[in-house]
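Chains as they are written, first to last, in the working numbering: chain A, 120 to 298; chain B, 911 to 1087.
Watch out, some of these pointers could steer you wrong.
Unchecked claim - Cross-link-like lysine-lysine pairs, in silico, DSBU-like; alpha carbons within 30 Å at most:
| # | chain 1 | residue 1 | chain 2 | residue 2 |
| --- | --- | --- | --- | --- |
| 1 | B | LYS1022 | A | LYS220 |
| 2 | A | LYS180 | A | LYS227 |
| 3 | A | LYS220 | B | LYS1048 |
No lab work stands behind these hints: they were computed from the structure.
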Amino acid sequence: MWKFLLPFAAFVALAVLFAFGLNPSRDIHALPSPLIGKPAPTFTLTDVLDPARSVSNAPLKGQVYVLNVWATWCAPCREEHEALLAISQQHVVPIIGLNWKDQRERAKQWLQQLGNPYQGVGFDGDGRTAIDWGVYGAPETYLVDGQGRVIFKFISPMTQQVWDTKFMPLIAAARRGGA
Amino acid sequence: MNRSPARRARIAALTLVLAGAGEFACRAADQAADPVAGKAPGQVAGQVAGAPAVQAVDANGQIEDQGLQARFERITQELRCLVCQNESIADSNADLAVDLRQQVREMLVAGKSNAAIFDFMTNRYGEFVRFSPPLEPKTLLIWGAPFAMLLLGGGIIYRVVRQRSRMPLDDEPAAGP
């Protein structure tokens, strides 16, 4: 009995392992953020558009908001820009930008030419704030809930579809939870 | 029949003890290489205050203190660059790796322990940032699997050999245990 059952059990175990490991729809480079469920790191940076002004996420505590990490050297960021503009027009939540390891002049030009979907854009020239958020590529978009906790991280260009299917339900849930 | 169950248990236990000792030796070496671990915070602070804080890093990114530079090299070898996931931040030229090396350098000069630096990184980038996972309950399978497989394989070989040694010599060997 064992002679047949054991190899069969081993086969089933391997099949399950391979079904998970070789699943083509699983992105092996996407990493779960350890920040999920933890307090969002606070930052105070200068505004890309006006170095005399500062941009901080501290005053946003108590509301749901989105942090979008971008740079002018990042081609997929250009790709998601239209979607971000459209989303900002819907005025669902404030969108804060984090301009990561960029040149201020270029970032300024980008916003002036393409439109500005952000309530404020922090200039993170040396990448310190990005390290605190565990950023390792751009674009990345974080969702922070009313308690100031990071509840979702999306790596890839934002689209209206991603916004509607992934962000909106979480925002609705966060608001219900916060109220 | 010369191996009693008790003897077999002793061999298994010895294997486990050896595995444990190996791991322990590695940990101990880590601790020894980490001069901050095990020191009182006051001592560390004193060290930092006494050390020349200015000019601690030269233009090529070398920390002037040789001990710190050695630790810097070890730590950066141990941290994964998340942009090019199979390179360490010591080897990678990615922008992020440059930033993270700078972060490690500054933390070392500020007198942070190896453990504090690894914690800083895993808190931000997850366990994946370390090439070797720490030994803790949830990683027991990763650390234990090689030894478990060694034991399993050894057990199978032992059974096959014992079975075959009991067969008459002129017989064809039977397959399998």
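Q) Can you name, in rising order, the numbers of the hints this structure does not satisfy? A) Number 3 only.
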